[in-house]
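Asks: Model the full structure from these sequences, guided by the hints.
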Amino acid sequence: MTIILNVNGAERRIDAEPATPLLYALRNDLGLNGAKYGCGLGQCGACTVQLDGKAVFSCLLPVAALEGRRITTVEGLGTLDKPGVLQQAFETEQAAQCGYCIAGMIMRAQALLDRNPSPTETDIRAHMQPNLCRCGTHMRILRAVRRAADMMSGKLAILESGQ
Amino acid sequence: MKRRAVLAALSAAAAAGVLGSLVFLAIAWQTEIPAMAPPKLADFDAATIHRGAALVAIGDCVVCHTAERGPAFAGGRALETPFGTLYATNITPDQRTGIGNWSAAAFRRAMRDGVSRDGEHLYPALPYEHFTRVTDADLDAIYAFLMTRGPVLQKTPENRLIPPLGFRPLLAGWKLLFLHEDPVLPVTGQSDEWNRGRYLVEGFGHCGGCHTPRNIAGGEERGKPFAGGIAEGWDAPPLNAANRTAHPWTVDAVYRYLRTGMDAEHGIANGPMGPVAHGLSGAPDDDVRSIAVYVASLLERDGPKAGSLPPVDREVEATREHPEGAALFAGACATCHGPGAPMMAQGRPSLSFVSALQADHPRNAVQAVVNGLPAAQAGRTALMPPFGDSLTSSQIGQITAYLRSRYSERQPWTALEDSVEEALNAKEQP
Chain A
1 MTIILNVNGA ERRIDAEPAT PLLYALRNDL GLNGAKYGCG LGQCGACTVQ LDGKAVFSCL
61 LPVAALEGRR ITTVEGLGTL DKPGVLQQAF ETEQAAQCGY CIAGMIMRAQ ALLDRNPSPT
121 ETDIRAHMQP NLCRCGTHMR ILRAVRRAAD MMSGKLAILE SGQ
Chain B
1 MKRRAVLAAL SAAAAAGVLG SLVFLAIAWQ TEIPAMAPPK LADFDAATIH RGAALVAIGD
61 CVVCHTAERG PAFAGGRALE TPFGTLYATN ITPDQRTGIG NWSAAAFRRA MRDGVSRDGE
121 HLYPALPYEH FTRVTDADLD AIYAFLMTRG PVLQKTPENR LIPPLGFRPL LAGWKLLFLH
181 EDPVLPVTGQ SDEWNRGRYL VEGFGHCGGC HTPRNIAGGE ERGKPFAGGI AEGWDAPPLN
241 AANRTAHPWT VDAVYRYLRT GMDAEHGIAN GPMGPVAHGL SGAPDDDVRS IAVYVASLLE
301 RDGPKAGSLP PVDREVEATR EHPEGAALFA GACATCHGPG APMMAQGRPS LSFVSALQAD
361 HPRNAVQAVV NGLPAAQAGR TALMPPFGDS LTSSQIGQIT AYLRSRYSER QPWTALEDSV
421 EEALNAKEQP
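Chains as they are written, first to last, in UniProt numbering: chain A, 1 to 163; chain B, 1 to 430.
By construction, these hints were calculated from the structure, which means they are not laboratory data. Just so you know, not all the hints are guaranteed correct.
In silico lysine to any residue, SDA-like type, Cα no more than 20 Å apart, as pairs [said to hold, decoys possible]: (1) 54/A <-> 428/B; (2) 54/A <-> 392/B; (3) 82/A <-> 96/A; (4) 224/B <-> 297/B; (5) 427/B <-> 82/A; (6) 54/A <-> 40/B; (7) 427/B <-> 126/A; (8) 427/B <-> 111/A; (9) 54/A <-> 125/A; (10) 40/B <-> 105/B; (11) 54/A <-> 389/B; (12) 54/A <-> 421/B; (13) 155/B <-> 105/B; (14) 54/A <-> 372/B; (15) 224/B <-> 181/B; (16) 40/B <-> 108/B; (17) 54/A <-> 69/A; (18) 54/A <-> 425/B; (19) 40/B <-> 181/B; (20) 427/B <-> 52/A; (21) 155/B <-> 119/B; (22) 427/B <-> 96/A; (23) 427/B <-> 115/A; (24) 427/B <-> 69/B; (25) 54/A <-> 76/A; (26) 54/A <-> 76/B; (27) 40/B <-> 51/B; (28) 155/B <-> 51/B; (29) 427/B <-> 125/A; (30) 427/B <-> 53/A.
Ranges of calculated distance between the beta carbons of each label pair, as one might list FRET restraints [stated by the list, open to error]: (31) 69/A <-> 155/B: 41 to 51 Å; (32) 1/A <-> 284/B: 56 to 66 Å; (33) 81/A <-> 231/B: 53 to 63 Å; (34) 69/A <-> 302/B: 44 to 54 Å.
Facing chain B, according to a computed beta carbon distance under 10 Å, are these residues of chain A, among others [to be verified]: (35) 69; (36) 83; (37) 130.
Every residue gets a Cβ at the ideal spot worked out from N, C-alpha and C, and that includes glycine.
Replies: Set out below in structure tokens:
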């Protein structure tokens with residue numbers, strides 16, 4: 001069946017079975033490869049995207065459930081030339097090792113910062129809890145989220161064109 | 001004449017009122033028990049402290065008396081009640097903010113009569129109506145354990161209650177009505193294990209605190225012990241023959257459920273029951289076994305034997321009745337819960353055995369879809385991701401209706417929409 005998805009502010013039309021997970025539609029039909037397939041069971045967070053502002057697992061989200069809802073992926077936050085605030089902060093803190101979890105981490109963090117631009121360390125840890133990193137760069141990831149929060153609240157400068 | 005009679009009646013009423021108030025004040029008035037220097041480790045013998053630790057695991061003091069990510073036993077956890085928000089107190093031996101200067105006598109009075117060391121009445125969120133049944137020796141062991149933990153300086157936030165409930169002397173009236181003191185005496189003809197289980201369940205384990213319904217004033221309904229209640233938005237199922245599960249509860253099943261948080265023929269402890277099972281995973285094995293013996297005797301009913309039922313799977317009918325629910329289930333749930341999913345090879349309960357889908361009310365099934373099995377519990381049993389942020393209320397309703405239709409042979413739920421709204425609203429509260 002034909003399904004219309006609102007992804008990163010644009011309406012995209014795909015042809016898919018209603019039960020198809022959003023993650024497959026993003027990667028296979030729309031060429032948005034930021035969100036990753038990790039476990040496919042909603043246990044690792046590599047596939048995290050924003051749905052109406054909230055962080056959700058796109059691997060367990062049937063496309064039939066998405067009519068009229070707003071989807072944001074990591075591609076919607078910035079570009080190589082003009083990275084978004086979180087993307088800049090992750091680069092500065094060198095938060096990626098293998099990088100597989102990072103798009104999911106960034107999207108989960110974005111959902112927190114949209115709701116609460118000046119989170120405490122406890123807020124950040126509690127919010128990031130569902131997303132796993134197998135390389136063990138959690139401390140850098142937490143620093144990057146802290147840095148992004150400080151950039152958004154004006155404590156640190158936001159760069160005009162990335163690094 | 002008439003006027004005089006009215007006056008006489010009025011003065012009689014006034015006198016009765018004054019007398020009544022005096023009697024009430026006499027009951028409400030409790031003296032302060034003098035503060036004392038905190039006891040030392042050497043004041044208690046190790047065996048008593050160990051026995052206290054075991055009881056504290058069974059009573060699960062730490063769940064209510066610890067704030068989220070806060071230090072153990074230091075209080076501060078909010079308890080939402082129909083009467084407002086209460087904050088659990090600091091029960092570490094800190095002298096300023098905890099119970100550091102409480103004597104064993106003050107501790108026993110608090111536990112049995114619900115009166116703080118300074119004479120203030122305590123709210124019945126502390127289930128003192130159960131603790132009246134705990135022996136002196138056991139209360140002293142609990143005291144020994146708590147007083148030998150590390151003191152934590154942490155002030156308890158002020159309660160926020162509907163006026164005039166912040167006025168604590170009123171609690172004396174509540175106690176007159178609902179604080180019944182009846183010891184649990186051994187029942188002859190029952191095994192020692194059963195009697196031990198009964199003592200723990202009715203006493204310090206305070207299972208009835210959730211599993212017995214409460215009246216409008218928040219008192220447990222004595223006529224309906226273990227008939228099922230509601231706790232923090234979850235159903236505490238009845239612990240009697242009315243408990244609707246596919247398979248009957250055997251001693252082994254109750255034991256597995258309480259000890260590990262999971263039984264493949266009944267499901268996984270979730271909501272407020274999750275921490276209870278976690279507490280019992282650290283309690284003495286023979287005590288948990290005794291509790292299982294007693295609880296299984298309450299749950300006994302005629303019906304199929306354990307392990308005898310094939311799973312119910314009405315896939316075709318359910319898909320016809322709830323096509324949207326079926327499509328959502330295929331995309332959101334089947335990877336884990338569908339036939340052949342890897343999880344099913346790990347001894348996890350089939351959905352057709354999960355108690356929440358057999359229950360009279362959809363509350364627990366909806367809660368599980370909305371909140372999943374939170375990671376805080378995940379290391380202990382299993383993890384289920386929440387769907388409250390990814391699916392709309394109508395989609396959650398469709399999935400839950402489909403689950404009921406596919407995996408049970410019971411009537412469709414009527415209160416489904418309200419339950420979904422309730423669970424989603426509760427989730428949005430900070």
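Asks: Give a verdict on every hint.
Replies: Status of each hint after checking the structure:
1. A threshold of 20 Å between alpha carbons decides the hint, and for residue 54/A with residue 428/B the separation of about 12 Å falls inside it, so the pair holds.
2. Restraint check for residue 54/A and residue 392/B: the C-alpha separation of about 12 Å stays at or below 20 Å, so the hint holds.
3. With a C-alpha separation of about 18 Å, the suggested pair residue 82/A and residue 96/A falls inside the 20 Å cut-off, and the hint holds.
4. The hinted pair formed by residue 224/B and residue 297/B meets the criterion: a straight-line CA distance of about 16 Å does not exceed 20 Å.
5. A C-alpha spacing of about 36 Å is found between residue 427/B and residue 82/A, which places the hinted pair above 20 Å, so the restraint is violated.
6. Pair hint residue 54/A plus residue 40/B does not hold up; C-alpha atoms about 51 Å apart against a cutoff of 20 Å.
7. For the proposed pair residue 427/B and residue 126/A, the alpha carbon gap of about 15 Å is at most 20 Å, so the pair holds.
8. Between residue 427/B and residue 111/A the CA atoms are separated by roughly 16 Å; this keeps the pair inside 20 Å, and the hint holds.
9. For the proposed pair residue 54/A and residue 125/A, the alpha carbon gap of about 17 Å is at most 20 Å, so the pair holds.
10. Restraint check for residue 40/B and residue 105/B: the C-alpha separation of about 16 Å stays at or below 20 Å, so the hint holds.
11. For the hint pairing residue 54/A with residue 389/B, the CA-to-CA distance comes to about 6 Å; that is within 20 Å, so the pair holds.
12. Annotation: proposed proximity of residue 54/A to residue 421/B holds, straight-line Cα distance about 18 Å (limit 20 Å).
13. Annotation: proposed proximity of residue 155/B to residue 105/B is violated, straight-line Cα distance about 23 Å (limit 20 Å).
14. For the hint pairing residue 54/A with residue 372/B, the CA-to-CA distance comes to about 16 Å; that is within 20 Å, so the pair holds.
15. Distance check on the hinted pair: residue 224/B and residue 181/B sit about 17 Å apart at the alpha-carbon level, within 20 Å; holds.
16. For the given pair, residue 40/B sits about 18 Å from residue 108/B by alpha-carbon distance, which is consistent with the 20 Å threshold.
17. Under the criterion of a C-alpha separation no larger than 20 Å, the hint pairing residue 54/A with residue 69/A is consistent with the structure, at around 11 Å.
18. In summary, the hint linking residue 54/A to residue 425/B is supported, as the alpha carbons are separated by about 15 Å, within the 20 Å threshold.
19. With a C-alpha separation of about 32 Å, the suggested pairing of residue 40/B with residue 181/B is violated against the 20 Å cut-off.
20. Between the alpha carbons of residue 427/B and residue 52/A the distance comes to roughly 16 Å, so the proposed pair stays at or under 20 Å and holds.
21. A distance of roughly 19 Å separates the Cα atoms of residue 155/B and residue 119/B; the hinted pair therefore holds under the 20 Å criterion.
22. Between residue 427/B and residue 96/A, the direct Cα distance comes to roughly 32 Å. Violation of the 20 Å bound is thereby established for this hinted pair.
23. Among the hinted pairs, residue 427/B with residue 115/A is consistent with the structure: their alpha-carbon atoms are about 15 Å apart, no more than 20 Å.
24. Only pairs whose Cα atoms come within 20 Å are accepted, and residue 427/B paired with residue 69/B is accepted, the gap being roughly 18 Å.
25. Pair hint residue 54/A plus residue 76/A holds up; C-alpha atoms about 14 Å apart against a cutoff of 20 Å.
26. As the CA atoms of residue 54/A and residue 76/B are separated by approximately 28 Å, the hinted pair breaks the 20 Å bound.
27. Between the alpha carbons of residue 40/B and residue 51/B the distance comes to roughly 17 Å, so the proposed pair stays at or under 20 Å and holds.
28. Taking the CA atoms of residue 155/B and residue 51/B, the gap is near 28 Å; set against the 20 Å cutoff, the hint is violated.
29. Note on residue 427/B and residue 125/A: the hinted pairing holds, with a Cα-Cα distance of about 19 Å set against a maximum of 20 Å.
30. In summary, the hint linking residue 427/B to residue 53/A is supported, as the alpha carbons are separated by about 16 Å, within the 20 Å threshold.
31. At about 44 Å, the beta-carbon gap between residue 69/A and residue 155/B stays in the expected band of 41 to 51 Å.
32. In this structure the supplied range 56 to 66 Å holds for residue 1/A paired with residue 284/B, their Cβ-Cβ distance being about 58 Å.
33. Between residue 81/A and residue 231/B the C-beta distance comes to about 54 Å, which sits within the given range of 53 to 63 Å.
34. Our hint of 44 to 54 Å for residue 69/A and residue 302/B holds, since their Cβ atoms are close to 49 Å apart.
35. At its closest, the beta carbon of residue 69/A sits 8 Å from a beta carbon of chain B; the interface hint therefore holds under the 10 Å criterion.
36. The interface hint given for residue 83/A is broken, as the beta carbon of that residue sits about 26 Å from the closest beta carbon of chain B, more than 10 Å.
37. About 6 Å separates the beta-carbon of residue 130/A from the nearest beta-carbon of chain B, less than 10 Å, and the hint is met.
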